[in-house]
Amino acid sequence: MRIPRSRSSLRATGLAAAAALVVGGTLSGCGSSGPGGSGKGDISVWVYQDPSTKVQRQVVERFNKTSKVKVKLTQVPGDGYSDKLRTSMGTPNAPDVFFNWGGGSISEFVEKDMLLDLGPAMKKDPSLRKGFIPSILDAGGINGKRYGIPMRGMQPVILFYNKDVFKKAGAQPPKSWNDIIKLIGTFKGKGITPFVVAGTDPWTELMWVEYLVDRYGGAGVFKKIQSEGKDAWDDPAVLKTARTIKDLVDRRAFGKNYKSVNYTADGASTYFAKGKAAMHLMGSWEYANQKANQPAFAKSGLGWTTFPAVPGGTGDPKNVVGNPTNYWSISGKLKGEKQRAAIDFVKFAAKQDYAKALIANGDVPTTSDASALLNGHENPAYAKFQYDMVRDAPDFTLSWDQALPAKYTPPLHTNVQKLFNGQLSPTAFVDALKGM
Amino acid sequence: MTDTLHRHPTDGVHTPKRTPAAAHPRPRRRGLPRANYPAGLGSLLWLGIVGLPLYVLVAATFQTRNGYIDDGPLALPDHPTFANYRRVLNSGFLHYLLNTALVTAVCAALVIVLSVTVGYSVVRTRSRGSRRVFQIFLLGLAIPSQAVIIPIYLVITKLHLYDTLLAVILPTAAFSLPVSVLILVGTMRDIDEELYESMALDGASPTRVLLQLVVPLSRSGISTVGVMSALHAWNGFLFPLILTQSKSNRLLTLGLYDYVGEFRVDTPALLTAVVLSIVPIFLVYLFARRQLINGLMGMGGK
Amino acid sequence: MADAATRHTRHKRVGRPSAVWALPGALFFVFFAVAPMILVGALAFTDWDGIGTPRWTGLSNWTRLWDDPDTHQAIRLSLVLTALTWLVQTPLALLLGVWAAGRQRNRAVLSAIFFLPLLGSSVALALVWKSLLDPNFGLIADIGPTLGFADGDLLGSSTGAFGAVLFVTAWQFIPLHTLLYQGGARAVPRSLYDAAAIDGAGTVRQFFAITLPQLRNTIVTSSVLMVVGALTFFDTVLILTKGGPGTDTTIMPYLMYKNGFQAFDLGYAAAVATILVVVATTVSLLLVRLTGFTAMRSTREGM
Numbered sequence: 001m002r003i004p005r006s007r008s009s010l011r012a013t014g015l016a017a018a019a020a021l022v023v024g025g026t027l028s029g030c031g032s033s034g035p036g037g038s039g040k041g042d043i044s045v046w047v048y049q050d051p052s053t054k055v056q057r058q059v060v061e062r063f064n065k066t067s068k069v070k071v072k073l074t075q076v077p078g079d080g081y082s083d084k085l086r087t088s089m090g091t092p093n094a095p096d097v098f099f100n101w102g103g104g105s106i107s108e109f110v111e112k113d114m115l116l117d118l119g120p121a122m123k124k125d126p127s128l129r130k131g132f133i134p135s136i137l138d139a140g141g142i143n144g145k146r147y148g149i150p151m152r153g154m155q156p157v158i159l160f161y162n163k164d165v166f167k168k169a170g171a172q173p174p175k176s177w178n179d180i181i182k183l184i185g186t187f188k189g190k191g192i193t194p195f196v197v198a199g200t201d202p203w204t205e206l207m208w209v210e211y212l213v214d215r216y217g218g219a220g221v222f223k224k225i226q227s228e229g230k231d232a233w234d235d236p237a238v239l240k241t242a243r244t245i246k247d248l249v250d251r252r253a254f255g256k257n258y259k260s261v262n263y264t265a266d267g268a269s270t271y272f273a274k275g276k277a278a279m280h281l282m283g284s285w286e287y288a289n290q291k292a293n294q295p296a297f298a299k300s301g302l303g304w305t306t307f308p309a310v311p312g313g314t315g316d317p318k319n320v321v322g323n324p325t326n327y328w329s330i331s332g333k334l335k336g337e338k339q340r341a342a343i344d345f346v347k348f349a350a351k352q353d354y355a356k357a358l359i360a361n362g363d364v365p366t367t368s369d370a371s372a373l374l375n376g377h378e379n380p381a382y383a384k385f386q387y388d389m390v391r392d393a394p395d396f397t398l399s400w401d402q403a404l405p406a407k408y409t410p411p412l413h414t415n416v417q418k419l420f421n422g423q424l425s426p427t428a429f430v431d432a433l434k435g436m
Numbered sequence: 001m002t003d004t005l006h007r008h009p010t011d012g013v014h015t016p017k018r019t020p021a022a023a024h025p026r027p028r029r030r031g032l033p034r035a036n037y038p039a040g041l042g043s044l045l046w047l048g049i050v051g052l053p054l055y056v057l058v059a060a061t062f063q064t065r066n067g068y069i070d071d072g073p074l075a076l077p078d079h080p081t082f083a084n085y086r087r088v089l090n091s092g093f094l095h096y097l098l099n100t101a102l103v104t105a106v107c108a109a110l111v112i113v114l115s116v117t118v119g120y121s122v123v124r125t126r127s128r129g130s131r132r133v134f135q136i137f138l139l140g141l142a143i144p145s146q147a148v149i150i151p152i153y154l155v156i157t158k159l160h161l162y163d164t165l166l167a168v169i170l171p172t173a174a175f176s177l178p179v180s181v182l183i184l185v186g187t188m189r190d191i192d193e194e195l196y197e198s199m200a201l202d203g204a205s206p207t208r209v210l211l212q213l214v215v216p217l218s219r220s221g222i223s224t225v226g227v228m229s230a231l232h233a234w235n236g237f238l239f240p241l242i243l244t245q246s247k248s249n250r251l252l253t254l255g256l257y258d259y260v261g262e263f264r265v266d267t268p269a270l271l272t273a274v275v276l277s278i279v280p281i282f283l284v285y286l287f288a289r290r291q292l293i294n295g296l297m298g299m300g301g302k
Numbered sequence: 001m002a003d004a005a006t007r008h009t010r011h012k013r014v015g016r017p018s019a020v021w022a023l024p025g026a027l028f029f030v031f032f033a034v035a036p037m038i039l040v041g042a043l044a045f046t047d048w049d050g051i052g053t054p055r056w057t058g059l060s061n062w063t064r065l066w067d068d069p070d071t072h073q074a075i076r077l078s079l080v081l082t083a084l085t086w087l088v089q090t091p092l093a094l095l096l097g098v099w100a101a102g103r104q105r106n107r108a109v110l111s112a113i114f115f116l117p118l119l120g121s122s123v124a125l126a127l128v129w130k131s132l133l134d135p136n137f138g139l140i141a142d143i144g145p146t147l148g149f150a151d152g153d154l155l156g157s158s159t160g161a162f163g164a165v166l167f168v169t170a171w172q173f174i175p176l177h178t179l180l181y182q183g184g185a186r187a188v189p190r191s192l193y194d195a196a197a198i199d200g201a202g203t204v205r206q207f208f209a210i211t212l213p214q215l216r217n218t219i220v221t222s223s224v225l226m227v228v229g230a231l232t233f234f235d236t237v238l239i240l241t242k243g244g245p246g247t248d249t250t251i252m253p254y255l256m257y258k259n260g261f262q263a264f265d266l267g268y269a270a271a272v273a274t275i276l277v278v279v280a281t282t283v284s285l286l287l288v289r290l291t292g293f294t295a296m297r298s299t300r301e302g303m
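Residue numbers (the numbering used here), protein chains in the order written: chain A, 1 to 436; chain B, 1 to 302; chain C, 1 to 303.
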C-alpha cells in the first residue's frame, strides 16, 4: 500500500496555523482601545437611530470641524437601543456620551456612579441651565442632581388623524370619548381601521394605557406606582383602563390584524399614511417619520389633536404623556481633556443653530426661546400646537417603560401586549402588573 | 457517502448466485426503485414551496420601495432598478462581508487544527487521558451555545475582548469542536492499522505519521469539518449580537438584523441585503459544489 | 539485529502520539465551552445586572423559576416545538433524501434548487419570511383569508406564530437533513435491492425492509442534530415573532435572552440557561442510548 507523500500538506498546515495566530493577534487589537471605544482621543457618542438622527449627524460634523477632540457618532438601530446600551455599559466599551430618556433609563447607572453629574458644568455655564424649559430640564435629573442635557425635540404623544380619510367620511376629529366611540362605528362601516396600533411593538400599545390611566386617575397614579410599585397597581384607574381597552378591542377599534403590525419598520405609519387607518396615537416624532417616508401625506394629509377625556375620569385632560425629550448623558469615566470635550459637545449641541436644525427636521425644541423660532418650522401650526400642549400641561408623564428600571420593561411590555391580544383579562392584567 | 476511504470489500463487486436454469433475464432496475408519480408530484410541490419565496426575494431586489408597498411582493417590478443594490452597498455591507469572511476563515482554520490534533490523539494514543478527552467532547455535543452566552459575556468582558472580532471567533470555534472531533475520529478510525505499522517500521515520529499518513487519508473528514465550521461561523448570530456592538466590528448576520431598523419600510432594500448576504455562499456552491455537498453529507457518518 | 519481541514492543510505542497532542484542543474547549457551562450553573445562584459584580443569593432564582408560569410555558413550548420539528422534518427529509439519491437527471437539477435555502443564514431567511408574513404588505395579506387568517394576521395568532416558526425552520433545515439521508441512501449497497427484487418485493416493501433499516445510523445522527437544533432556535424566533404573541412562542433560548439581555436579570437567565443545558443533554443522551448509537454497529453486518 503506497503511503502518500505529503510534505506540501505539512507546509500548508504550518502556514495555516501561523496565519491563524497572526490574524488572531491583529484582531484582538482591532477592537477596544480603552474606555474611549474608538481611536485614541476620540469620544464615542451613541444615538438612537430613526429618521431624525440626521440632525445629530450634522451637529457632529460641525463640531468635529472646530474641536481638537473628535466625536465618533454611532447610530444604534432603535429596536434594541436600550438593550445594546445596557449591555455595553458593563464593558470597557461603554459610550462616552449617549442618548437616553432620563428617569429609569439612567437611574441604575446613577446608582452605580457611572454618570457625570452635570450640576457643576451647568453652574459654570448658565446658558446650559437657563436655555431649557425648566420642567424638561428637571425630568433629566435624578434625586435633584442633573445628569442629562436635552438634545431632541419634545415628544408628547399626540392623536394623529388622516385628514383625507376624515373628509371622505364626512367626520370631525374627536373631542370627547363619545366622539371616539362614534367614529369607530363610522370608519368600520367604511372598511377603514379606526385606530392603527403596532401589536408587535408593545410600547406603542403602552401609550394607550398611559393616557387612559392618566385620564381616569390623574398623573398621581403612576407617580405612586413609580415610588411604591407592587400594590400601587391596584389603583382603580388601572382596572378601568384595562376594561376600556378590552372594550376597544372587542369593538374592533384596532382592526383585525393589529397583533402582527409593526412600528419599527414603519408598518403602522405606512398603513396610516395610505389611508387604510383613520387615526394613529403616536409620539410627535411621527411627523418627522412621515415627512421622511411619505412627504406628501405629511404636508397636507396629517392632522393632529389631543387625547380626549374619559367619562368618569378625574385626570386633567390637559395632562400629557410621552417623552419630555431625549438627553445627552456623559460617562463618569471620562477625565481631563476628554471630559471637557464631551461637555463642550453637549453645550455645542444646545446652541441655537441646533434648535433651528431640529425645527427644520420637524421637531419642536425644548429650549426656552423655542416659541420665537417656531415660525421657522415648516408647519408652524403643528409646532405651535405641540409647544402649547406641553407648556400648558400641568403634568408630563414620562413613558412608563423609560421611567421604570430596565428589569420591568420586558414584563410590562409583555403584559400590555397580552391585554391587547385578549390573552389577559383586565383583572388578570392588573394581577400580572402587581407580580412584576 | 461516496468517500473512497469507506471502501468495503464487497462494494461494487457483486456475484449473485444465479439459478443455472434462468429462463428469462431478470428485469434491470436503474437506481433505487421509486414510485414515479407520487414522488414526482411531491417534488413539484416542494419545488413550489421552495421556489416561491426565492422568487419574491429576487424580484423584490429590483422593485422600488413604493412599488413593493402598493403592488405587493408577487408583482414583477414595473420599473426595475438597481437603487437597492447601491443603497445596501453604501450602507457598510462590504465591510460586514469582509469581517465575516475573516472570522469564518480564522474559525475554520482554528477548528481544523485543533480537531485534527485531538482526533489524532483520541484515535492513536493508548491512554486513559485521551479517552477522557473524547468523552468530554462527546458530552459537549449536547451543550447548546445559547446556554453559555451569559458566562461567555462575563469572560469576554473581563478579558477586555468585548466588541472585537476575536470575541466572536473564540466561542464560535469552541462550539464547533465537538462535532468536528466526532467526525474526524470516525474518519481516522478507518485508517488501516497496517498503514500505521508500516510507517512505524520506517521509524516515523508521531508528527510525521500525522502529516504524511493521517491527514491525507482524512481529507474528506477534514473538508467536512472545514465546511461545517465555516458555515457555522458565517451564519452565527447570537455571539455577534451580544459580544459586538460597533459598526466596524459588525458581522453580516448582525448587519442584516440592524438593517431592519435602518431601512425600515424599504423592504426591497432589506431583501437586497439578504440576497447579497447569500451571494458569497452561492458562489462557493457554484464552484465547489462537490466539496460543499460531500462535506455536508459526510456529517452523516457511517 | 533486534529480537523480534523487542521490535514488536518498540512498534507499539514508536509513532504513537502522546496525550499532549489533545491538549491544545481540549484546553481551548474547556476554557470556552465547558468552564462557561459550569459557570452558568454557578451564576444561577446569583443576582447580576450586568454592570456590577454577581451577588450570591442562594436558591432565590430557583424558587422563582419553580413558580414562574412563563418559564413553565417556555419549557413546554420548547419540548413541543422539538417534537413537532422532528415529526415534520424527518419524514420529509427522508423521502426527499431517498428520492434525491436516485440518479435521474431531473432529480439532480431539482435537488440543486432544493438545496438553496440552506445557503442563507437563519437571520436572512427569517427576514424574508417576516416580510412575506407582514399582514398588510406581505404575501399573507393576499392569501391569508384562504388559509383561515383574517386580514393576514398569521403572526398575531398563537397557533399561527408557532406554526410559522415550525415552518420557517423546516424550510431552512430540511435541505440539510435531505443531504444526510441522500448520502446515507446512496451508500446502501445495490445488492440488497437486487436481492429483494429477485424475491419479488415491491417498491414500498423495499423501502421499509431495506432502505429504512440501512439508514438507521443516519436517522440517529440527523435526529440528534435536529433535536439539539430545535431546542436552540433563537434567530428565527427573535426576528419572526419576538416570542409573541404575548409569550406564545417564547421558547427557552428566547426566554433566557429576554431575561438576560432585555431585563438584565442575568442570574435568573442563567437559571433558565441551566435548565436548557440539562434538557438538551438529557434528550441527546436518551436519544443516543435508546438507539444504541454508541455501539456504532455497522449496517453492513453479515455482508
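If you're looking for bench data, these hints aren't it; they were derived computationally from the structure. Some hints could be false.
With a straight-line Cα cutoff of 27 Å, these simulated BS3-like cross-link-like pairs (lysine-lysine) come out [stated by the list, open to error]: (1) B/LYS158 / A/LYS54; (2) A/LYS65 / B/LYS158; (3) B/LYS247 / A/LYS72; (4) A/LYS68 / B/LYS158; (5) A/LYS112 / B/LYS158; (6) A/LYS291 / B/LYS158; (7) B/LYS158 / A/LYS72.
Taking the hints in turn, this is what the structure says about them:
no. : hint                : verdict
1   : B/LYS158 / A/LYS54  : 35 Å, violated
2   : A/LYS65 / B/LYS158  : 36 Å, violated
3   : B/LYS247 / A/LYS72  : 11 Å, holds
4   : A/LYS68 / B/LYS158  : 32 Å, violated
5   : A/LYS112 / B/LYS158 : 18 Å, holds
6   : A/LYS291 / B/LYS158 : 45 Å, violated
7   : B/LYS158 / A/LYS72  : 25 Å, holds
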